[in-house]
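Asker: Residues per chain are reported as follows:
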Amino acid sequence: MGKITLITGGARSGKSRYALNIAAEYKNKVFLATAMAIDDEMAKRIQAHKEERDASYVTAEEPYDLAPVLKNIGSSIDCVIIDCITVWLGNLVYKHGDEIKEFEEVRDFLDHIGKCSADLIVVTNEVGTGIIPDNKLAREYRDYSGIINQKIASHADEVILMVSGQPLVVKGNKKHE
Amino acid sequence: MGKITLITGGARSGKSRYALNIAAEYKNKVFLATAMAIDDEMAKRIQAHKEERDASYVTAEEPYDLAPVLKNIGSSIDCVIIDCITVWLGNLVYKHGDEIKEFEEVRDFLDHIGKCSADLIVVTNEVGTGIIPDNKLAREYRDYSGIINQKIASHADEVILMVSGQPLVVKGNKKHE
Amino acid sequence: MGKITLITGGARSGKSRYALNIAAEYKNKVFLATAMAIDDEMAKRIQAHKEERDASYVTAEEPYDLAPVLKNIGSSIDCVIIDCITVWLGNLVYKHGDEIKEFEEVRDFLDHIGKCSADLIVVTNEVGTGIIPDNKLAREYRDYSGIINQKIASHADEVILMVSGQPLVVKGNKKHE
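Top to bottom, those sequences are chains A, B and C. Each residue of the first sequence is one higher than the one before, starting from 0 at the first, in numbering that gives the first Met the number 0. Each residue of the second sequence is one higher than the one before, starting from 0 at the first, in numbering that gives the first Met the number 0. Each residue of the third sequence is one higher than the one before, starting from 0 at the first, in numbering that gives the first Met the number 0.
Be aware that a few hints might be false.
If several chains are the same, the list does not tell them apart, and a pair holds so long as it fits within one copy or across any two.
[As the list claims (entries may be wrong)] When the alpha-carbon atoms are kept at most 25 Å apart in a straight line, the in silico PhoX-like pairs for lysine-lysine are as follows: (1) K43 with K135; (2) K49 with K135; (3) K135 with K94; (4) K150 with K2; (5) K94 with K70; (6) K49 with K100; (7) K49 with K150; (8) K43 with K100; (9) K150 with K43; (10) K49 with K70.
By construction, these hints were calculated from the structure, which means they are not laboratory data.
Can you make the complete structure from the sequences, with help from the hints?
Answerer: Here's what the structure looks like:
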């Protein structure tokens, strides 16, 4: 099975760019984008991220069901970037009617993450370190995000926390520091 | 005096579980729980945490005055987990009428933390790294949390930041990494 | 050119105090304060920070245009503390009418940061790791803060993340740990 790297950090901490940096050494790459252009602001963010990627990537856009995409990754692909988990979870919350329970799409993804032959670089966000949100849905969202991040990290060979664009190795060897 | 370990991190970053992991090597343990079951959501969180603990723990529930509990820890006890500081501070804010000043219970606790014969494992939260809250009480709460965390950390032999369930040593030796 | 150190972290994580600690070895120092006493709460914070500084500092107060201050730093000055970037960005947002675009003052500062002969110690805040703010301005502010932090960090010789008052080296040598 492939190596798994989890890249976490706050907004605009350089997570996506770092994912692209460590993917640069691979030849046949898939970029699995979870964001949907639901409004102008989001469309601009997606466009800005696209412009950072070169032509060596095949882009797959999937806002909900990531496991089937991973299952269909052919053996010629040696690296998949998934960007990102917290946006994906937000999509699932909207899809399932603003209620948070254990989503089947999440369970399928977590079941499949250790079975992909390509190396996986998974981008997520730290959303749990502010003041407790007033809003129950926001609290449940940040709890579920944290639980998913922990599960991915437990599978991962490396966990990297981005701070001001700089990588800090949380799990794995320290060569990236 | 006992060794002090401070475990900090965001919501659902694996802090309580890590505290239980490092306490596993001790025999006679107290779990000092600060949470109150003020509503169903909280009752569920408390119950979920209880189910993670085995029978080797004596549970003490104290939402306000931690120093007397520490003073009464007998010499047969070799480890006390305090879970957690930020919930305790929230309890004190409610008790003292939603106004934040230097609370006597906090001062007593900080005075006593270095005098306990058992090893202490203290769980807290990082609450200061989001956008500045609109709400004055929330700003004061996060300031006071930060100040208390700093004081505990200055006493501590080890400070651990949990990121996605993985420990990052901030202070102390790196054997846990 | 001087050495650049970026100190980041949450509210009340000990950033300013750590900046003063590492500046203690210098003789001729400027403290460039960006905060304005716009209300009592802010005035108290400024006063508390002032009381932590000894008489070896020349204080410069500049809420908007930092580059000219840096340009006027004489060669006799060996250390400048800038405290802090996120408050400065907040000032610029108010000044420019609550709209965030690329501010000229920011561009000038980033252009000049690598050209100062004195060593620079720059204090900033991590604001991007909570739940996504409801408010568009808050989202833009945290994005811009993150981008500025990344740019300063890319110039910096050392990047330090403060956690509960303890320094964690993110970039640079590990002697401070």
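Asker: Next step is simple, just say for each hint if it's right about the structure.
Answerer: Each hint tested on the structure:
Proximity of K43 and K135 under a CA criterion of 25 Å is satisfied inter-copy only: 14 Å between copies versus 29 Å inside one chain copy. For the identical chains of this complex, K49 and K135 are inter-copy neighbours only, at 22 Å across copies versus 34 Å inside a copy, given an alpha-carbon limit of 25 Å. Proximity of K135 to K94 under the C-alpha cut-off of 25 Å is found in both arrangements, the shortest distances being 18 Å within a copy and 23 Å between copies. In this assembly of identical chains, K150 and K2 lie within 25 Å of each other by CA distance solely inside one copy; the values are 15 Å within and 30 Å between copies.
Taking identical chains as interchangeable, the C-alpha atoms of K94 and K70 lie at most 25 Å apart only when both belong to the same chain, with a minimum of 22 Å there against 52 Å between chains. Only between protomers do K49 and K100 lie at most 25 Å apart by alpha-carbon distance; the minimum there is 21 Å, versus 32 Å within a single protomer. Only between protomers do K49 and K150 lie at most 25 Å apart by alpha-carbon distance; the minimum there is 21 Å, versus 28 Å within a single protomer. Proximity of K43 to K100 under the C-alpha cut-off of 25 Å is restricted to the inter-copy arrangement: shortest distance 14 Å between copies versus 30 Å within a copy.
Proximity of K150 to K43 under the C-alpha cut-off of 25 Å is restricted to the inter-copy arrangement: shortest distance 21 Å between copies versus 31 Å within a copy. In this assembly of identical chains, K49 and K70 lie within 25 Å of each other by CA distance solely inside one copy; the values are 24 Å within and 38 Å between copies.
Checked against the numbered hints above, the structure violates none of them.
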